[in-house]
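In case you want the letters, here they are:
There are 2 protein chains.
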Amino acid sequence: MQRVKIAILGIGNVGTGVWKILTMNKEQVSARSGYDIEVAKVLVRDKKKKRNVEVPEEVLTDSFDDIINDDSIKIVVELMGGVDPAKNYMLKAIKSGKHVVTANKFALATCGKELAEAAEEFGVKLNYEASVAGGIPIIHGITESLTANKILNIVGIINGTTNYILTKMTLNGMEFEDALKEAQQKGYAEADPTSDVEGYDAMYKIGILSSLSFGGYIDVDSIYREGITSINSIDIEYAKEFGYVIKLLAIAKQNDGLVELRVHPAMIPATHPLANVNDSFNAIFIKGNAVGDLMLYGRGAGDLPTGSAVVGDIIAILKNGLDKNVERNTFASCPLRIKDMEDTRCEYYIRVTASDTPGTLGAISNVFGGNGVSLASVIQKGKGDVNVPLVFVTHETLEKNINKSIKEIKAMESVVSVDNLIRVENI
Amino acid sequence: MQRVKIAILGIGNVGTGVWKILTMNKEQVSARSGYDIEVAKVLVRDKKKKRNVEVPEEVLTDSFDDIINDDSIKIVVELMGGVDPAKNYMLKAIKSGKHVVTANKFALATCGKELAEAAEEFGVKLNYEASVAGGIPIIHGITESLTANKILNIVGIINGTTNYILTKMTLNGMEFEDALKEAQQKGYAEADPTSDVEGYDAMYKIGILSSLSFGGYIDVDSIYREGITSINSIDIEYAKEFGYVIKLLAIAKQNDGLVELRVHPAMIPATHPLANVNDSFNAIFIKGNAVGDLMLYGRGAGDLPTGSAVVGDIIAILKNGLDKNVERNTFASCPLRIKDMEDTRCEYYIRVTASDTPGTLGAISNVFGGNGVSLASVIQKGKGDVNVPLVFVTHETLEKNINKSIKEIKAMESVVSVDNLIRVENI
Ligand SMILES: NC(=O)c1ccc[n+]([C@@H]2O[C@H](COP(=O)([O-])OP(=O)(O)OC[C@H]3O[C@@H](n4cnc5c(N)ncnc54)[C@H](OP(=O)(O)O)[C@@H]3O)[C@@H](O)[C@H]2O)c1
Ligand SMILES: NC(=O)c1ccc[n+]([C@@H]2O[C@H](COP(=O)([O-])OP(=O)(O)OC[C@H]3O[C@@H](n4cnc5c(N)ncnc54)[C@H](OP(=O)(O)O)[C@@H]3O)[C@@H](O)[C@H]2O)c1
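As you go down the protein sequences, you meet chains E and R in turn.
Add 1 to a position in the first sequence, counting from 1, and you land on the number used in our numbering.
Add 1 to a position in the second sequence, counting from 1, and you land on the number used in our numbering.
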């Protein structure tokens, strides 16, 4: 059996998973890859820190130079996270002729084009199955299995933290803050949960999937993004009454060369397969012009599921023979044309607090009508208080019509506040 | 752009789908494969038959010699079905150095080892993503994406015809015969539905998946197989009362080098994701020792979904360069050790018709107890008739204990008939 040396940058959550899989499935990994894999170096910040796996002292290093200067290391597995210094380490590895495997959605979504171009130039592979939806083979799915398809749209639940929180709010009636605290205690949310709950994580991931599906790069900051912090238990309740469940969706659609991209909470029919994707599970719905509807469901995070994808990527490099890996650049060189959010169409749920005076409901309805928004249902909740909640659900309409309506409604004397706006996706 | 010639054997359902995709997604297929693909020959039985796509007259042939003797044809796409002559045509193509793509589960399940060994020997690729679950990338999933995992078990709804029939019986209260007729009218079932409704089709597919997952070949006839013809609307009703849905499952489990393989209808919890896989959709649940639970859901049949997988396989051959495709034989050379069905463990639903006399229920329960079968519930349906239906649901027990019990129960004087036995899978 041939031997190959690899280096792992970072042995936190995912790094630990990779180490465990390389140990527990050693025989199978060798058989499938054709190589006996030796983890020659593991880069960390703090060599003294207690680890969950036993890494021999001589393998641990806090200097990237030990790795980049070692020509016997053929694959660099980047599992540190963040753009800086991860991106530079990956570029250096690529330029030294080392193949790169990474789980880093942040670096890929923001610098994927540069990394992929470098990999193509230097004839090495850049594999990143783990960067989106952990153990779910969505990157492979799009780039290999569905490659004969024009991808028409993608609708995904691709952030486990927010899905865990929304599940607790939906099934256990918890409030956002309590559900977040529980998620943190269970290790599903970070101490600083911003990236997850504000939708950045999902934004990076849908950015990567769009580049691969539609064949162009995008500026991720041009993706419309809303988190789940404004979702209230009252909205979850009302959603239930209408037969919906609230999920944080990442949506990408292509039509006439124009790509629609958005990350936001949405009400989806309680009967849709995505509605039953609970806890920290992820799922991605894809529609291709040949395959039709396809859904992939599984664990989007965690040491072993994510490690499963990383080790799969390592095997993919090895089994073709280390030297035969030049591949076309997937983050194609032209930018995608992104549709203006104002021009997107959706149905909307809008919750308003207004004074319980005759004519208020009618007046608000008129504002919608005046802006070309037709209403599917209007419900006044409660009765007799000075102020009452009003809930409107619209038929499909343009985002700009909604925005204009909301502006006008907010200015009405009888309106106390527009409390929430949640898109309704009748997928 | 380089050009490559391919031949298609058979242009029925799937062949038509492949032809359509190569036409409608031509530009993308070229970009992803690096080749301009020309379908140089299409083999049919009857050149005069009206086709759903316009195949130029000079492309149609009824002689395989036109294809095998043409050295400019580099890939043969077998979409005829059946073992004879499909298998021989594939072997001849392989031996002439042509790559082979096929959707033929029957030929693969029975002769996969021979075909794969020949492909390895002659340095060509044998791709067959379409052979299991149509457009769902399950073959790729197992052999590539999950390759770092030990697969622990697979539970699949992999026959669209039976799933369509069971869905109609469950949601619309239809009887088997009527649902089958409707399936035939809609093109979901063949005039002779035996292969589907008796579970042969699912048996071939789970055979292929097992070989790939567990790394050995199997004699498909050693797979335990039951169809859905004995499922009665009354069983569907009772299942509902217990919170279950009846699906035709294909199950493969591995434990201590022993593989458990079975195809049969089963009651599964109505809340399980597989319970909501309806109509002709397919879905496959896989548990890997790293990735955990994973589910793939989509269209398991139909011209375009199946064609999507076939064209994906063609692109996979081309994009690596036509000459670099030697790969390890996936239908490994050792046989898998199959567990005796008598030694498998399950929960069971058993429906009996017996005389409504005092003591009958107790006597039957005693037979179960005497054979080490513990009962989870016993229900007598109806009252006052001479004969009444009794329904037993057991706790997990050995198949052989059930078989012994059934034999004894059938021999009881107060028992008119044992009407049905359906396994209960609390997945
Ligand atoms: N967690 C998941 O389930 C998951 C799922 C999919 C993708 N990902 C991605 O996988 C990557 C890793 O995530 P993780 O959860 O495993 O992170 P983590 O637990 O925070 O671990 C990061 C590791 O990288 C090391 N590291 C960080 N910065 C470093 C630096 N400048 N120099 C040297 N070592 C450094 C850390 O060393 P010390 O231990 O010494 O501090 C630590 O071992 C991220 O890109 C993440 O987005 C994670
Ligand atoms: N249908 C699906 O959705 C589906 C899904 C997955 C996999 N598959 C598999 O795909 C394969 C094809 O299925 P299908 O539904 O497309 O079959 P089909 O509609 O019956 O078409 C078979 C085609 O093969 C030709 N053919 C059959 N025997 C031949 C022979 N001895 N010589 C020359 N031509 C011959 C027929 O020619 P004539 O037209 O002249 O008779 C016809 O064009 C099968 O292996 C099936 O199991 C099918």
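If you are wondering where the hints come from, they were derived from the structure by calculation, not from laboratory data.
Among the clues, some could well be false.
Computed cross-link-like contacts, EDC-like style, restricted to lysine to aspartate or glutamate with a CA-CA straight-line distance of at most 20 Å [what the hints assert, rightly or not]:
#, chain 1, residue 1, chain 2, residue 2
1, E, Lys27, R, Glu343
2, E, Lys411, E, Asp324
3, R, Lys401, R, Glu343
4, R, Lys27, E, Asp357
5, E, Lys151, R, Glu28
Check each numbered hint from earlier against the structure, then list the numbers of those it violates in ascending order. 1, 2 and 4
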